[in-house]
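Visitor: Single-letter residue listing:
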Amino acid sequence: MSLIEIKKLIKIYSDDGVDTRALDGVSLTINDGEFVAITGASGSGKSTLLQILGCLDRSTDGSYTFEGKEVSSYSDAELARIRNEKLGFVFQSFNLLPRLSVLDNVVLPLVYAGVSKKERVERAEAMIDLVGLADRRGYQASQLSGGQKQRVAIARALVNNPKVIFADEPTGNLDSKSGAVVLEFLQMLNDQGRTLVVVTHELYVAEAARRTVHIVDGRIDSDQPVAHRRIIAKDGFIK
Amino acid sequence: MNKSGQSHASVSDVLGMATGALLGNKIRSALTALGIIIGVAAIIIVMSIGNAAQALILQEVQSFGARNVFISPGRIQGNNPMSAAGAVLNQSLKQNDIDQLEDPNNVPDAVLVNPSVEGSVSATYGDQTVIETLLGSGAHVFDIYNLTIAQGSAFTKTDVDSYARAAVIGKNVAKDLFGANDPIGKKIAMKGQKFSVVGVFSSSNAAMIGIDDMIVVPYTSAQEYLLGGIHYFNEVVVQARTVEAVPGMVRDIQTTLRADHNITDPSKDDFTIQTQEDIMRSIDTVFVSLTAFLTLVAAISLLVGGVGVMNIMLVSVTERTREIGLRKALGATSGNILLQFLFEALLLSIGGGIIGIVGGLGVTALAVAVATKATGIVFPFVVSWMGIGLGVGVSAAIGLTFGVFPARNAAQKSPVEALRYE
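Residue numbers (the working numbering), protein chains in the order written: chain L, 2 to 240; chain P, 17 to 438.
Hints in this document: simulated from the structure, not taken from any laboratory. Careful: at least some of the hints might be erroneous.
[To be verified] Heads up, simulated DSBU-like pairs for lysine-lysine below, C-alpha to C-alpha not over 30 Å straight-line:
1) P/LYS110 - P/LYS173
2) P/LYS110 - P/LYS284
3) L/LYS87 - L/LYS164
4) P/LYS187 - P/LYS207
5) L/LYS87 - L/LYS9
6) P/LYS173 - P/LYS191
7) P/LYS110 - P/LYS207
8) L/LYS164 - L/LYS118
9) P/LYS429 - L/LYS164
10) P/LYS42 - L/LYS119
11) L/LYS70 - L/LYS9
12) L/LYS235 - L/LYS164
13) L/LYS87 - P/LYS429
14) L/LYS70 - P/LYS429
15) P/LYS429 - L/LYS118
16) P/LYS210 - P/LYS173
17) P/LYS429 - L/LYS9
18) L/LYS8 - P/LYS429
19) P/LYS42 - L/LYS118
With the hints as extra help, turn the sequences into a complete structure.
Guide: Given below as C-alpha cells:
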C-alpha cells in the first residue's frame with residue numbers, strides 16, 4: 002500500500018479577489034521508504050505541495066490519502082494529531098524557539114503528544130546525541146550556529162518517530178560544510194528506512210535523493226528516479 | 017491517534033509554556049501586570065480604609081450603650097442623615113417634655129432622661145480667649161457617654177437645678193486658657209458671666225468625638241446665660257432599663273410627646289426618635305454608598321489595566337505568529353494554543369491581582385498606623401475579605417475577558433499562514 006497518494010490536487014489562493022492557481026491537478030504516489038526531491042523554480046508550487054502533503058494546509062480540490070485514509074475528512078484537531086505522530090518537519094529557517102534550550106526545543110512534539118516527563122526527556126536526549134549535539138543540550142537555541150540549529154531541528158523532527166519527514170530547503174540557509182552534514186544525515190535516515198520528501202530548487206540536493214519530481218507552473222513536468230545518485234558520505238558535497 | 021483527535025498535552029505542560037513565555041520577557045510582563053496591580057491595590061485600599069473608618073465609628077456609637085434612645089426636634093425623613101441638618105433650628109422640645117418623659121406613669125422603662133443644647137461660645141481667662149463648642153447638658157451626660165474626669169469633678173443635678181455657673185472643660189481648652197496652671201476653681205468669662213471650672217475631661221473619651229475642645233455646663237445655665245434665654249433643647253437622651261425594653265420605651269416616648277404636642281397624626285410628628293440601631297444603620301448607609309462609589313472609581317483603573325493586558329497580549333500574539341505556526345506544525349491543537357495564551361493573560365492578571373492585594377494591604381496598614389499616630393484614636397486595621405475576594409475575582413475575570421480575544425486570534429491562525437509570516 003502506498004503511504005501517500007494524491008490525485009488531481011488543486012490549490013487556489015484567493016487574495017483580494019484575485020485567484021492564483023498554485024497547484025493545477027497534481028497526481029503523485031509516494032511509497033514507504035522513498036526519498037523524493039520535489040524541485041522547481043520559485044513560485045512553481047513546490048512548497049505549496051509540501052505544505053499540503055505535510056497536512057499544514059488543505060487542498061482546494063482533488064484527493065489526498067495518507068496511509069489509505071482521505072485527509073480532507075479529518076478535523077483540524079485530527080490533522081494536528083497526524084502532524085504530531087506521523088510527520089516530522091525541517092524548515093529552511095530552522096524555526097527553533099530561540100529562548101528555549103536545545104532540549105526544550107526537541108521535547109516540544111513529545112509534550113503535545115502527552116508523553117510523560119521522564120520518557121520525553123530520555124527520548125529527546127537520545128535524539129540530540131544522535132545528531133552529535135550531546136554537549137549542547139542546555140544551550141539556548143539562539144546560541145547555536147546555523148548548522149547546529151538545523152541538526153536540532155532534525156532531532157526535533159525525529160523525536161516522535163514519524164512515518165515521513167518533510168524538509169523545505171533544508172540546506173538553503175547553510176554553508177556547504179554544514180549543508181553536507183545535514184544532507185548526509187538525511188541520507189542515513191533514508192537508508193534506515195525513513196520516508197523523506199525534500200523540497201529544493203538546487204540540483205545537488207536533488208541528486209542526493211532517489212527520485213525527483215519536477216514541478217512547473219503547478220503541474221508535474223517530470224517524475225523520474227535519480228540516475229547518478231550522489232552519496233554524500235562517499236562523494237562529498239559541492240555547492 | 018485517539019478517537020476525538022484531541023492533543024494530549026497536559027494542562028500543567030501548557031501552564032509551564034505560558035509561565036516560560038512570561039518569564040522570557042520579564043520587563044514587559046511586569047509593566048503589563050502593573051496596571052492590574054494598581055487597580056487591585058486601589059480597590060483594597062478603598063475598601064479596607066472604608067471598613068476601618070466604619071468599624072471605628074460603629075464602635076464608638078456602640079460604646080454609647082444600646083439602651084440609649086435619642087430624641088431630636090423636627091422630623092428626619094427616612095434614614096437620610098442629611099435632613100438632620102435642619103433639625104438644629106427646630107424648637108419643639110421643651111422643659112415640659114422632659115418633665116413628662118421623667119414621669120414613670122408615662123415612660124415606665126426610662127431610668128434617666130438627659131436634655132442638652134449645643135452652641136459655640138467664646139471663653140476668656142486672663143488675656144486668653146478661645147471659641148469652643150458649648151454643650152449645655154443634664155448631669156447624666158457623664159454616665160451616658162462614660163466620660164471620665166482627669167481633674168476636679170463633674171457637675172451634679174443640684175448644679176443643674178440651681179443654674180450653677182459650673183463648667184467641665186476639654187483638655188485642649190484647659191491647655192489653651194490656662195497653660196500649665198491648674199484650672200480647677202478658676203473663673204472663665206463667657207458672655208459676661210463668670211463660670212467656675214469644676215473639672216477637666218481626660219483625653220481617653222472616645223465615645224464623644226471632639227470632647228477635647230468642648231466646654232460642658234448645666235443646660236439650665238447654658239440656656240439662660242449663654243444662649244440668650246432659650247427654652248428648647250437640641251437633643252434629649254432617654255436610657256432604658258434594659259436593651260429589651262427599648263422598643264416598648266420608644267412607643268411610650270412617642271405617645272407621651274404626641275400627647276404633649278397635641279399631635280394625632282403620626283406623620284406630623286415634630287420630633288424624631290433614633291435608637292442606636294437606627295444610627296448604626298444610617299452610618300452604615302453612608303459608608304456603604306461612599307465605599308461603593310470609591311470602589312467604582314478604583315474599578316475603572318482596574319478596567320484600564322485589563323485593556324493594557326489585552327493590548328500587550330495582542331502585540332504578543334502578532335509577534336509570535338511564527339511560534340504559533342511552528343507549535344501547530346509540531347502537533348499543537350488550536351485548543352492548546354488558546355489555552356497557552358489564555359494562561360498567559362490569566363497569569364499576568366491574577367499575579368498582578370495578588371501583588372496588588374498584598375501592596376494594598378501594606379498601604380492600608382501604613383495609613384492606619386499613621387492615622388492612629390496623628391489623631392491618637394486607635395483605628396482598627398480591618399482586612400476587607402470582600403475586597404480581597406473582589407480583587408482576585410475581578411482580576412481573574414479581567415484576565416479571562418481580555419485574554420480570550422487575543423488567545424482566539426492566536427488559536428485561529430492556520431499553521432501554514434503562521435509559518436509564512438515574516
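Visitor: For every hint, state whether the structure bears it out.
Guide: Each hint tested on the structure:
1. Straight-line distance between C-alpha atoms of P/LYS110 and P/LYS173 comes to about 18 Å, which keeps the hinted pair within the 30 Å bound.
2. Distance check on the hinted pair: P/LYS110 and P/LYS284 sit about 18 Å apart at the alpha-carbon level, within 30 Å; holds.
3. Restraint check for L/LYS87 and L/LYS164: satisfied, since their Cα atoms lie roughly 5 Å apart, inside the 30 Å limit.
4. Taking the CA atoms of P/LYS187 and P/LYS207, the gap is near 21 Å; set against the 30 Å cutoff, the hint holds.
5. A hinted pair counts as satisfied when its Cα atoms are at most 30 Å apart, and L/LYS87 with L/LYS9 qualifies at roughly 24 Å.
6. For the suggested pair P/LYS173 and P/LYS191, the alpha carbons sit about 27 Å apart, so the restraint of at most 30 Å is met.
7. At most 30 Å may separate the alpha-carbon atoms for a hinted pair to count; P/LYS110 and P/LYS207 meet this at roughly 23 Å.
8. Annotation: proposed proximity of L/LYS164 to L/LYS118 holds, straight-line Cα distance about 23 Å (limit 30 Å).
9. Between P/LYS429 and L/LYS164, the direct Cα distance comes to roughly 26 Å. Compliance with the 30 Å bound is thereby established for this hinted pair.
10. About 29 Å separates the Cα atoms of P/LYS42 and L/LYS119, which keeps this hinted pair within 30 Å; it holds.
11. Restraint check for L/LYS70 and L/LYS9: the C-alpha separation of about 16 Å stays at or below 30 Å, so the hint holds.
12. Between L/LYS235 and L/LYS164, the direct Cα distance comes to roughly 27 Å. Compliance with the 30 Å bound is thereby established for this hinted pair.
13. For the suggested pair L/LYS87 and P/LYS429, the alpha carbons sit about 22 Å apart, so the restraint of at most 30 Å is met.
14. With a CA separation close to 25 Å, the supplied pair L/LYS70 and P/LYS429 stays within the 30 Å bound.
15. For the given pair, P/LYS429 sits about 28 Å from L/LYS118 by alpha-carbon distance, which is consistent with the 30 Å threshold.
16. A threshold of 30 Å between alpha carbons decides the hint, and for P/LYS210 with P/LYS173 the separation of about 20 Å falls inside it, so the pair holds.
17. Of the supplied pair hints, the one linking P/LYS429 and L/LYS9 holds, its CA atoms being roughly 27 Å apart against a limit of 30 Å.
18. For the hint linking L/LYS8 to P/LYS429, the alpha-carbon distance of about 27 Å falls within 30 Å, and the restraint holds.
19. A C-alpha spacing of about 26 Å is found between P/LYS42 and L/LYS118, which places the hinted pair at or below 30 Å, so the restraint holds.
Going down the numbered hints, you'll see the structure goes against none, and every one checks out.
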